[in-house]
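Enquirer: Which chain is which? The protein sequence lines are E and L, in order.
With the first letter of the first sequence counted as 1, position 208 gets the number 188 in this note's numbering; the numbers rise by one all the way through.
With the first letter of the second sequence counted as 1, position 61 gets the number 41 in this note's numbering; the numbers rise by one all the way through.
These aren't lab readings, by the way, just hints derived from the structure by calculation.
Misleading hints may appear alongside valid ones.
As the list claims (entries may be wrong) - Computed cross-link-like contacts, DSBU-like style, restricted to lysine-lysine with a CA-CA straight-line distance of at most 30 angstroms: (1) K206(L) with K215(E); (2) K128(L) with K161(E); (3) K215(L) with K128(E); (4) K215(E) with K128(L); (5) K192(E) with K206(E); (6) K161(E) with K(-7)(L); (7) K177(L) with K(-7)(L); (8) K206(L) with K128(E).
Chain by chain, the residues:
Protein chains: 2
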Amino acid sequence: MNTTYFTRRTIRKYEPRDIDEGLLERLLTAGTRTSTTGNMQVYSIIVTRAAEMKQRLAPAHFNQPMVTEAPVVLTFCADFNRFNLWCRQRDAEPGYDNFLSFMTAATDALLAAQTICNAAEEEGLGICYLGTATYNADRIIEALELPKGVVPVATVTLGWPAGIPEQPDRLPLEAVVHYEKYHNFTPGLIDDLYRAKEARADSLQFIAENGKKTLAQVFTDVRYKKADNEFFSAKFLEVIRKQGYRF
Amino acid sequence: MNTTYFTRRTIRKYEPRDIDEGLLERLLTAGTRTSTTGNMQVYSIIVTRAAEMKQRLAPAHFNQPMVTEAPVVLTFCADFNRFNLWCRQRDAEPGYDNFLSFMTAATDALLAAQTICNAAEEEGLGICYLGTATYNADRIIEALELPKGVVPVATVTLGWPAGIPEQPDRLPLEAVVHYEKYHNFTPGLIDDLYRAKEARADSLQFIAENGKKTLAQVFTDVRYKKADNEFFSAKFLEVIRKQGYRF
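Please model the complete structure; the sequences and the hints are all you need to start from.
Expert: This is the structure:
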């Protein structure tokens, strides 16, 4: 398999040059060949290239510079809108206004997103996922004029890397992979699995910069706080329901 | 980019031969290099190779033959369990028992799943996603002994293709891709986008076999019925909450 899978890293800074239209179309076509539930293709991809539209999207992504600096921004959406329209036009009553259908559509969108990212990276492009797609889904819906049935679940910025940052760490494979059954973690194993991560210079710097005692506290008290998670959780649930998925 | 992206199709029948352990480990390693939110890696992959475990999983997947016939079955799970254990062991109070955290973890799992599928297909392996992972998550949790915090979101069967079936259709790119803004669909455009799909011999056969008038009715009345969606929706929500995500 191509080596990009192993050497990749998220790219947040891009060269000013554009992505060729033919290449972008090939990436999108590769994406649409990805598995989807029942071949329903219940997702959509909004391609943002116009500077004005990037400006409009930026606040939803907390003005992270990637949004305006990347030549292409892709917003992946769970989308039963088109499918529902087709059903109604064909004397069929769709029953897809529920949580499972939202998850089905979100899954279609995310799998297609990742194929596009893998293909893009194989071509030398750099990608960055923005978690803000779910945080501020309401503002993205407004900016991109998404109708009912359509919910953004991931945003990816795409461009030619301006420099290659250091590859971030990953936990040992055994932190993620379980054979045959889930083998829960003993305190000793947790220590082992996180030892290398905690000893990294950047981890120690994170802890010091944030005045914390442990790296885990940087996550729980600074980066992904309970109060923020609960706030954005409620907001995202409200958006999903407003877009027509009832649960 | 490699041509597999364009030529791929889901493979449901596999040769009896196994997947080399080294290859499987490379696939899993490629998967763990995939983007994850904040590099938290809040997902897990359960690898099923033992015949006995496949038998135990099979009913959860409605005994689809892929589960027992594929040499490898991968169950991808949203998983805050390990991360929460680490936090608690490091004097940090995790706040990840909410809907957004579940979506974050599910996204991590699904993106890693798709990287593994792309890499596997590049190596000549065939894959099949089983939607049943979310339908019967409760039975999968039982079979794989998944602790609190862990929720299956996708199952993939993996093996060497026993024959290459015809490539299924996809809608034209413009059904899925929107430029700059979402361009909603007029009735005429819906007709255009679905015309080729509806004219296919297999579509006509589906309609006839099921005694329906339109292809859309095969979806709404037979394959993905409202009552089933609502039943499995309620069931999946219950499982997610039981696993510790409150919303």
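Enquirer: Next step is simple, just say for each hint if it's right about the structure.
Expert: To see whether the hints hold, each was checked on the structure:
no. : hint                  : in the structure
1   : K206(L) with K215(E)  : 26 angstroms, holds
2   : K128(L) with K161(E)  : 14 angstroms, holds
3   : K215(L) with K128(E)  : 25 angstroms, holds
4   : K215(E) with K128(L)  : 25 angstroms, holds
5   : K192(E) with K206(E)  : 16 angstroms, holds
6   : K161(E) with K(-7)(L) : 25 angstroms, holds
7   : K177(L) with K(-7)(L) : 24 angstroms, holds
8   : K206(L) with K128(E)  : 18 angstroms, holds
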